[in-house]
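Visitor: Sequence:
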Amino acid sequence: MKIAIVCYPTFGGSGVVATELGIALSKRGHEIHFVTYKQPVRLEYLSHQIKYHEVIVPEYPLFHYQPYELALSSKLVTVVKQHQIDLLHVHYAIPHAYAGFMAQQMLQDEGINLPMITTLHGTDITLVGSHSFYKPAVNFSINQSNLVTSVSQSLKENTLDIFDINKDINVIPNFIDFEKVKFDVGNCQRHLMANDDEKIITHVSNLRPVKRISDVIKVFAKIRQQLKAKLIIVGDGPERENASVLAHKLNVRQDIIFLGKSNEVEKILCFSDLFLLPSKKESFGLAALEAMAYSVPVISTNTGGIPEVNKHGVSGFLSDLGDVEDMAKNALHILSNEARLENFKVNAKKTALQFDVKAIVPKYEALYEEMIQ
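One point on numbering: in the UniProt record's numbering, the residue at position 355 of the sequence shown is 355, and numbering is uninterrupted.
Any given hint could turn out to be false.
Said to hold, decoys possible - Quick list of in silico lysine-lysine cross-link-like pairs, DSSO-like style, CA-CA up to 30 Å: (1) Lys182 / Lys349; (2) Lys167 / Lys280; (3) Lys199 / Lys167; (4) Lys280 / Lys350; (5) Lys358 / Lys2; (6) Lys249 / Lys38.
Rather than coming from a laboratory, the hints here were simulated on the basis of the structure. If you're wondering where the values come from, they're calculated on a predicted model, not measured in any experiment.
Between the sequences and the hints, there should be enough to build the whole structure, so can you do that?
Guide: Right, here's the structure in full:
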């Protein structure tokens, strides 16, 4: 099949998943065409099976905001006609599903029927899409898609609650390509971050308020009262300064390492003992899954799609939103006993293996074939 994929090309979860999906599909013999305004960050190579088409938005003083949707839909029409694309897979409802629908309409005028599948990832529904300004357009775009998928059952239910959807939503979870998971304890260079008698706890996010970084600091402070430990925070965002101030106040700032944005998350997870994810909302919990793939148990909230990934008492523990005491208690339960910690690490990876790309991608292929037929 020849498949055009539209996604955001940044580090965000939807862009990462879309890019990894395209790469995996290319390895299975499909021809993939990425259509976006910049080459996706996870797209490290191009080949005869993977092509990238840049959406260029000309600057016109007439427009206060340049019309990306218009440029994207026009580019899609060009790519479809030049490369005989079989179907379009758009990730994130705004503006991609809307632009995809417009491309479909333009192509129909030329006798070309292009089926479109829309994958919902989270904030396109629960945050942006639910805003009164955008809700009618999002509702329309989802209903006009030939097929719709969501990355979790929780997100599916949220979508059906927020919008007036007249078609079924297929749940296909996010995934991990375990061929890329390189785990060698001997080469982890753990000593660069902590002493041998210190546990390493990790948090990875964009440090927005929804991630509740203050809870990360509070949980760590309680752990630090009973165990020697270091906290590594990967990512940058508006809550970084507040987190640093709170860490000073709780007298743990000296044990926290803020790494900022990093392309070496895998190396950090390699030597981590525990992952903290106290988010207010997660449509899936891709950060938790990536940690589990590297045998890192997860302490998280039980919100959104996280319970579909992190299994309570198996790969880690779930707590109510804001229950710092319970999260700290569960963290200490895992970290305070080496045999127990090792068992949780083994179970974390076993759980993550259920989301291997080899198990998930065929589900998309089945939908693609259904659409084309």
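Visitor: Now, for every hint given, state plainly whether the structure supports it.
Guide: Each hint, compared with the structure:
no.	hint	in the structure
1	Lys182 / Lys349	holds, 13 Å
2	Lys167 / Lys280	holds, 29 Å
3	Lys199 / Lys167	violated, 48 Å
4	Lys280 / Lys350	holds, 26 Å
5	Lys358 / Lys2	holds, 20 Å
6	Lys249 / Lys38	violated, 42 Å
The structure is inconsistent with the numbered hints 3 and 6, although it conforms to all the rest.
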